Each structure stands twice: as structure tokens, then as C-alpha cells.
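Novice: Residue-level listing of the chains:
Number of protein chains: 2
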Amino acid sequence: MLKDLKEVYSNFNSLENEEITLQGWVRNHRKQKEIGFIDFNDGTSFKGAQLVYDNSLSDFDDIQKLHIGSAITVTGKLVKSLREEQLFEIVVKSIKLEGDCPEDYPIQPKRHTREFLREQAYLRPRTNLFSAVFRVRSVAAMAIHEYFQNNGYVYAHTPLITTTDCEGSDQMFKITTLDFDNIPLNKDGKADMTKDLFSKKAYVTGTGQLHGEAFAMAFKKIYTFGPTFRTENSNTKTHANEFWMIEPEIAFCDLEGLMNVEEDMLKYIVNYVLEKCPTEIEFFDKFVEKGLKDKLTKLVNSKFTRITHHEVIDVLKKADVKWEFTPSYEDDIAKEHEKYITEYFNGPVFITNWPKDIKAWYMKVNEDGKTVAAVDLEVPGAGELMGGSQREEDYDKLLKRIEEMEVDKESIDWFCNLRKFGGCYHSGFGMGFERLLIYLTGVENIRDVIPFPRTPGNCEF
Amino acid sequence: MLKDLKEVYSNFNSLENEEITLQGWVRNHRKQKEIGFIDFNDGTSFKGAQLVYDNSLSDFDDIQKLHIGSAITVTGKLVKSLREEQLFEIVVKSIKLEGDCPEDYPIQPKRHTREFLREQAYLRPRTNLFSAVFRVRSVAAMAIHEYFQNNGYVYAHTPLITTTDCEGSDQMFKITTLDFDNIPLNKDGKADMTKDLFSKKAYVTGTGQLHGEAFAMAFKKIYTFGPTFRTENSNTKTHANEFWMIEPEIAFCDLEGLMNVEEDMLKYIVNYVLEKCPTEIEFFDKFVEKGLKDKLTKLVNSKFTRITHHEVIDVLKKADVKWEFTPSYEDDIAKEHEKYITEYFNGPVFITNWPKDIKAWYMKVNEDGKTVAAVDLEVPGAGELMGGSQREEDYDKLLKRIEEMEVDKESIDWFCNLRKFGGCYHSGFGMGFERLLIYLTGVENIRDVIPFPRTPGNCEF
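Residue numbers (this note's numbering), protein chains in the order written: chain E, 18 to 478; chain W, 18 to 478.
Chain E with its partners taken away, still in its complex shape (with noise of 0.2 Å):
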């Protein structure tokens, strides 16, 4: 009966004392004189079996030469285990090899660093941290797409390749077809763009926000996931240059109505984590970050503050702490005031009406002519996790910021042209998949919560 991993850890009571066939990875081989020991791993399931050989096998000593590594076909009578620690171990009858793996294998049985398994990129998924990471990464995925989805949203794929260069395209990667051996010029010595493949100067994005816009006024409920860039040249543990993005945008919906989409959103997510991957989350909470468990449990329960960037300010400047950055009315708050005020707060906080100044063109300006109806959601451990806004929804409101940002108006016309026909008051988020990750998993680098990073210098494999 060939089986996997999963289907034998949720089907034990009924496979129990079968022979069953199963087909994985040598993790690691004990050997003594008459009997051995392998870690066997499929990986469909985070927890792995023991397979026990003797020699009573006519193949014990091929059995005993099986390196760390190797793919294998076993085939054995599952048994309850007697140790506490394991719920079976399989009682080898037979075993396969269908591909060896050399001694100097690069991941061996022992503690690596995470530096050096960044180098063997294509090979970590293989370790029990990678294996957890990802396999989180996964079913987080579909946790966003279940949420959405049963909550009557439409899944929209913008567009990656734009001519739209809203974001401003110091900020954004060019594609190109162009040879950049041979650059075509124009009589003006400058590239001719007309040569490229789609006539003109294109990027890969760095939002679906303004596509997300148009679906919302089609289908009122709509959010994007999928991949996203930024050029910032910048070695932080926060920053690679393509990450994944969720951008749900929303139509007749304001600013609490958007919090009440985002804080029943990550509580769903986290949720689903818990419930879905429960040996994933105890493996992060025993070896990663202390607390895990009890910090994704606690959010699920909490009701997050709502406060403005005003009171925020109010009780950074009333706090007893030396600031390295002195907290303003005017200004954003600095990482050390947004753990301040998770910690005073004890648990995720809104943060709304943001001085208009630091924020971006299209959020709606509030009455006070000051500040914005955006929205930041700060997470304990994890810092800024959301960022939102109402957007502004006044045509001739939004044409004056963008004069105002001197954003580039002729590539958004047709954006523009949304609050033209039939436009509405719509709020819309943006959520750092990544960053949703490293708060799930404790892990603190985005560079280990990506399957191949992408950072400056560095796009290897």
C-alpha cells in the first residue's frame, strides 16, 4: 500500500500494524551491529518516522551502507511506537534505493547556520527549519485565499509589467528587450524607447493598488496576491527586492470598515496557521522565538486599539523613555516608538490620520486639511504588518495632490477617470506577505522566509 507521510500520521489508527509502502529521504542512519536506525522523511509531513532494520534482513548490509541522503523506497509494517516521543516506528521488510547522495552532501544531520544554508538555497527546504517555513508559507497562502474568497471577494491579477509610474520609477526595475550592448538612440543621442517591445518605457511593479481600484469598482470586493519589486538597495533584515504582496481593495467601505477587514483577516490567518500546521508552530516556539505560541493565541483573542497618530504622540512624548528620535505631530514614528506603543498597548494597534505629508497621493485628506485617512497597523514583535488608507475619491480633490506630490498625471489618467464614473468612497490595504511570515514563524530575516531571495547582489540559483 503506498502511502505518505500525512496520510499515515492522520490515518494511524486504521493503517496500524499494515505493511505499507513509502517513498522519501534518508535524514539520518544510526548503525549498530545487527540493527539500524533511519530518519525518514517524505516531506509531506513536518514529522518524520524511524524506520528500524535488523539483520535478519538478507540486505542488512547494503541497508547499513544507505547514506544521508538518499531517496529511498521502504517498504515496512507500521507498529506503535513504545516511546513516548513517537507515535510509530516502521519495521523494515524492504528497502529501495532510488538515488544516492555522495558523503560530502552539504546538509548533514547537525546544526548549520542560517548564513551558510542561504548559500545552499536549493537544498534547505530539506532542513526542519526550511521545512516549517515554507510549508507555513503555503498554507498561510491559502489562508488569504480562503478568507477572501468565503468572504465574497474576487481574486484580481494585475498587471506586473506597467508603463504606470506612480510609485516613481527611481523605485522600480525597467524591462526591457533591448540589447544593453547596443542600445538603439534616438536623434536626440537618448535610448529610443519606441524600439523596445511594448513601443515605450515599461517596469515591473510595485503595487497592484491602482489596477485593484478598477476591479473594486466592478466588483466592489476584490484583492490581489501576488509578487511585487522595489530597486532599494538596501542589506536590512526587512528589505529583498521582489517580495509578495495582498492588496484587497474595497469599495463603499471607510477607514473602520477597513480595520474591520484587516484585524478579521490576520485573525483568520493566524488561526488557520495555528490550526493547520500546530508541529510547525511548536518547532518555531521551542527553537526560534520564545512565546510564539502564546503571542499568535493571544492576538486571536484580542481586540485591537484604534488610535490616532496624534495620541500616539500624546503618549510617546508623556513617556519616561529617552528617545533616540523625538517624537512629532508631524512626522512618522520612528521603530522604536512603534514598539513602545504595541507594548504600552499590549497588542496590535491601529494607528489612523497620519500627517498628509508623509503619506501618499491618493489617500483621502481628512477635514482638517492636515492629515490623511491612513491606516497602519503595528503588530507586537513584528512592527508595521498593514498599511491602508480611504482613498480620495474627489476627482478635482485628487487631481490637486497629485499636482501638489508632482506624481506623473498623464500614465493615471484613466485612474483618475475611476472617481469620474460612478466613483465611490473606497478604502483599500496593502499587506507584506513576508512580513506576515516573519510574525508567524519568529524568523527574523525576510531573507529566510523567501524561497530564493532577492537582494542587491545577491540572485543567485
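It cannot be assumed that every hint is accurate.
A pair holds if it fits inside one copy or across any two, identical chains being indistinguishable in the list.
Derived lysine to any residue pairs resembling SDA-like cross-links, with alpha carbons at most 25 Å apart [what the hints assert, rightly or not]:
(1) K207 with N475
(2) K23 with N168
(3) K218 with P201
(4) K217 with S251
(5) K218 with T194
(6) K376 with F54
(7) K218 with I200
(8) K218 with H129
(9) K20 with S111
(10) K204 with N45
(11) K352 with I463
(12) K48 with Y361
The set of hints was computed from the structure by calculation and includes no laboratory data.
Note that the coordinates shown come from a computational prediction; the quantities given were computed from them, not determined experimentally.
With the hints as your guide, set chain W onto chain E.
Specialist: Same frame as chain E, now just chain W:
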């Protein structure tokens, strides 16, 4: 009671005769002297609702002035309709104008050509056709995620930016932070790519397969689902420069096993869409492709034919047809052949064991030395829907093929190493998501199943 149309349709019985509030858009407006009818839709449901108002309302005159396309909030009583073709109508109590729409609004309640609507891509989701297409796109995407997640696959986010050039770099877009007007040169007078963000030439990818294989060697069963790019300068109905692909990769899986997955997955998706989008499918059946619903229902209940390329050529040679392209045992088959074969077998056909010279370098060469363990799935009306293969798992054989096919070995060293470090027999396939949508909706042109299509010379919005 604030509701959306989706809820009203699914809970009509409990809401009947209640006063409800809806928010959405005026699709059409017919006015009589003492009464008026508004075709209303809020985008949460393909089917809209009729609003009925009469001159007993104090603002009757204002309501009569409502333009097509306007955003409104309407409150009224939900009553069972006396007309057979609609379940209910809403007897208006009040309407608030949320956003006006001028009379030159491009989307009028009449038939627009698809060509015209492509030029209004940001507005076309508001039409019946595109509302149906993009809702099916969303639902089909969810079907894919559900299928793989329910069957124990890990969703792998393979990178889009890559320096691996295995498809041939002429088919890939370059991605850069360099200034085209001022490309830095090295001492040979060539572009100095060390000055680029990744310190070398980088591309956006046309496949996630290579990285998917690395993940399959850790998780056994994985799938990708994301955007891919090709620079193809071709203006056909089936080519776009940006499209979405699904690429599952499965360890310990041979070609037969792969066909089982492909067949099972496709039936799951089709069934899911039939169940979740019955009105959209009815609409396509009536206005886009007569017989679509039968075609889809038949597929779910059929057994797909499995036949070798050699046998296909036999069938084609025996056919009493004057071919434009002569069928050959050494060549690919033409569109006319695909059509004939699916009609001949009256359903989907897996064609296996293709001549190795016309297929990719990573496919497993069969024992005959002439063919590879590749499989294409041909479906009636849409041609090739999926392409897959068993992968060459033998390190030395793979290297030989890489040399023969003149693939750049250096950038895929890591990929070849997967064969050294516990490699095993494994298989995978790719499905173009848009091709699936063309099959599911009957809409023929790829530009009409992508929200904002990118084709040569076209990158608007």
C-alpha cells in the same frame, strides 16, 4: 440592513419582504412618467437586481435624473418578483447618489465590440461579459489552490527575477536598474553589468520549473501558481507577454502518475467552476460558445485517451484529410492535427513519447533513445492545455543533453546537483492559466481573459 446581492440571492427566503440597503451601480435606467426601473448591480453577483420606484417618493424627480454608471446607496423592500425571469425586485424607499457618472460614460447598456472594450480595459469588468470572465478567473484560481492543498501539495513561490537563462535569454525580458540613456561600459566597451543591482544580467522568468524541482525534492509534491513572461513578438489570439502559469512538480512520479494528476486536477477545476458559477456558464453558453456547458460536463465524466505521438501520426496518416502540414514521426503536430485528434477521440487526449529533438533538454530520454517521456494534453476546442514530462533524473545523461542542446550549464549547476543529492524519478507539468480560461469560458482571445493584457506594443493602463 446593509446587504450585498450575493447574500440576497443565497438567503432570499429569509430576507423576503425585509427592508434592505444595497450599494452599487446603475447599469441601466428606464423611466416612465410615474414610475422608473433601474438595473442595479453591486458586483458581488453576476445577476443584478431591478429597483422599482414611483412618484409617491418625495425625491422622485431627483431619482429620475440618475445617470447610467452612477454609484448609489439604495434602501427598499425586497419583494418576490411576479416576472418569471427574475427572483425578486426591490421597491425603492430612498436612493442616495454616491458618485455621479457623466453621459459620455463609455460603457452604455448596448453591445460594445470586444476591441472597443479592450481600449477601456479599466472599465470593462463592469460589463456582463467581463464580469463573468473575471469572476470565473477568480473562482478557477481558487479551485486550483484547493485541489493542490487538499491533496497535500506545498505552494512554492518560485522567484520571478532570475539569472538562470535556461529558456534561452532571447525569450526573456531583461530587468535592470541601469539608466538606458547612460549605460555604464566596461573596458571592452560592453555594458558593465556589475553596476546593475544584482551585479549581473538578470531576467524575469518564463518558468518556475527548475526551482519547483528543488522544492519537490524536499516536499515531494509542490505547485507554483504565478506570473510568467515571454518576449515573443507575436500578435496572435493565444500569445501574451505576461500570463499566469501553474507548474506542479512531483517526486517519485512517472509519466502515468503525472497524467493521473493532470486528469484529476482538470476535472476538479471544471466541476468546481460548474458548481460555483452556474449563471456565468449559462451566459457563456448562450452568448459566447454554444454547447459550452455540455462540453464541460462531458469532460468531467469522460476518461481521457492516452496515446503515443507515434500512434497519433499513424492516425493522421490514415485519415482521409488533405493536410496543410504533412504528419511526420519526427515532427511536432500542427493545430489542424490537434483539432482532428481531439475530434477523432471525441474528448481530451494525452499524447506521450515525443521525438526528443523537438522537446526540452530536461526531459527523460526513453529507452529507444529517440523519444522523451513527455506528455501534452490536447482538449477539444482549445488545443494544447498542459505540457509535462518525466524529468531526466540521471546526472550524467542530463549533462549529455545539456551539452547536445547547448544549454548554459554554469547557471544551472545547482539544478543538476539535485540529481546528485538524493535525486529520484520525478515529473511535472505546466498549465497556462489563460489557456484554461479560454477553454472554460469559450472566449477566444487571450486579451479578453487577462485583466490588463500585455502584448507587443500594448502596455496601457
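Novice: Determine for every hint whether it applies to the structure shown.
Specialist: Hint by hint, here is what the structure shows:
In the homo-oligomer, the alpha carbons of K207 and N475 lie at most 25 Å apart only across protomers (22 Å), although the nearest pairing inside one protomer, at 30 Å, exceeds that limit. In this assembly of identical chains, the alpha carbons of K23 and N168 lie at most 25 Å apart only when taken from different copies (10 Å versus 29 Å within one copy). Taking the shortest Cα distances, K218 and P201 sit within 25 Å of each other both inside one copy (13 Å) and across copies (19 Å). With identical chains, the CA atoms of K217 and S251 are at most 25 Å apart between copies only, with a shortest distance of 17 Å across copies and 28 Å within one.
Taking the shortest alpha-carbon separations for K218 and T194, both the intra-copy value of 11 Å and the inter-copy value of 13 Å come in at or below 25 Å. For the homomeric pair K376 and F54, neither the shortest alpha-carbon distance inside one copy (59 Å) nor that between copies (43 Å) is at most 25 Å. Taking the shortest alpha-carbon separations for K218 and I200, both the intra-copy value of 13 Å and the inter-copy value of 15 Å come in at or below 25 Å. For the homomeric pair K218 and H129, neither the shortest alpha-carbon distance inside one copy (44 Å) nor that between copies (31 Å) is at most 25 Å.
Within a single copy, K20 and S111 get their C-alpha atoms as close as 15 Å, which meets the 25 Å cut-off; across copies the closest is 62 Å, which misses it. Neither within a single protomer nor between protomers do K204 and N45 lie at most 25 Å apart by alpha-carbon distance, with minima of 66 Å and 51 Å respectively. Within a single copy, K352 and I463 get their C-alpha atoms as close as 17 Å, which meets the 25 Å cut-off; across copies the closest is 46 Å, which misses it. In this assembly of identical chains, K48 and Y361 lie within 25 Å of each other by CA distance neither inside one copy nor across copies; the values are 54 Å within and 59 Å between.
Hints 6, 8, 10 and 12 from the earlier list are contradicted by this structure; the remaining hints agree with it.
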